[in-house]
Amino acid sequence: DSGVTQTPKHLITATGQRVTLRCSPRSGDLSVYWYQQSLDQGLQFLIQYYNGEERAKGNILERFSAQQFPDLHSELNLSSLELGDSALYFCASSAGATNEKLFFGSGTQLSVL
Amino acid sequence: SQQGEEDPQALSIQEGENATMNCSYKTSINNLQWYRQNSGRGLVHLILIRSNEREKHSGRLRVTLDTSKKSSSLLITASRAADTASYFCATRSWNSGNTPLVFGKGTRLSVIA
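If you read the protein sequences in the order shown, they are chains A and B.
With the numbering used here as the guide, the letters of the first sequence map in order to residues 1 to 113.
With the numbering used here as the guide, the letters of the second sequence map in order to residues 1 to 113.
Simulated from the structure, these hints should not be mistaken for laboratory data.
Wrong hints could be hidden among the right ones.
Simulated pairs of lysine-lysine, BS3-like, Cα-Cα distance not exceeding 30 Å [stated by the list, open to error]:
| # | chain 1 | residue 1 | chain 2 | residue 2 |
| --- | --- | --- | --- | --- |
| 1 | A | Lys101 | B | Lys105 |
| 2 | B | Lys26 | A | Lys57 |
| 3 | A | Lys101 | B | Lys70 |
| 4 | B | Lys70 | A | Lys57 |
| 5 | B | Lys26 | A | Lys101 |
| 6 | A | Lys57 | B | Lys69 |
| 7 | B | Lys105 | A | Lys57 |
Please work from the sequences and hints to get the whole structure.
Following this line, the structure appears as structure tokens:
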């Protein structure tokens with residue numbers, strides 16, 4: 001058990017809908033990262049938050065947004081969903097801001113039908 | 001975008017044999033990390049090697065880094081069926097700003113009992 005909690009584990013929704021994925025980092029970790037994993041694109045970095053502030057941004061679509069709350073949990077909001085958004089979404093956390101040793105959650109499998 | 005590229009994409013060996021996976025990357029790095037992912041699960045950090053290190057060991061794992069060739073290898077000795085998983089290299093580039101950890105597409109290792 002990595003100590004990183006992601007909910008829900010599975011999500012099935014329709015095109016055009018909006019969903020929210022939730023992540024609780026390991027106790028004491030200040031950084032939260034979101035990654036998207038698909039068969040064709042591999043593991044793609046989306047965004048990082050450190051202590052409530054956006055720290056780094058990757059290949060995150062404008063339809064997607066994220067935030068980190070004062071209690072350090074994070075949410076990833078995906079809107080106007082398309083079939084191609086179907087993927088495994090991972091949250092990871094680390095103690096500091098500089099990407100040393102990430103601890104991954106077990107992921108949210110998103111299926112857009 | 002992918003920074004690291006693992007080779008081979010898939011590897012099948014008998015239990016007790018050694019497994020070697022390679023990773024090549026494009027830009028100068030701060031550190032290189034290897035992660036394991038069991039089917040459909042979150043990634044688990046295995047080992048981190050810094051740019052000024054050439055070799056590192058952890059149990060049955062041996063990682064080498066050749067910065068002149070921009071490549072790394074992961075050796076798993078005396079493999080077990082439980083080592084069956086996908087293995088990813090991840091790199092953090094040298095940059096004045098905050099750079100994310102970028103993952104390759106992974107090597108799928110199958111260890112046959």
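Status of the hints after comparison with the structure:
1. A/Lys101 <-> B/Lys105: 18 Å, holds
2. B/Lys26 <-> A/Lys57: Measuring from Cα to Cα gives roughly 20 Å; hence the hint holds.
3. A/Lys101 <-> B/Lys70: The hint holds at about 21 Å.
4. B/Lys70 <-> A/Lys57: 25 Å, holds
5. B/Lys26 <-> A/Lys101: Distance ~21 Å between B/Lys26 and A/Lys101 Cα, so the pair holds.
6. A/Lys57 <-> B/Lys69: Holds, because 28 Å separates the two Cα atoms, which is no more than 30 Å.
7. B/Lys105 <-> A/Lys57: 20 Å, holds
Hint compliance for this structure: no hint is broken.
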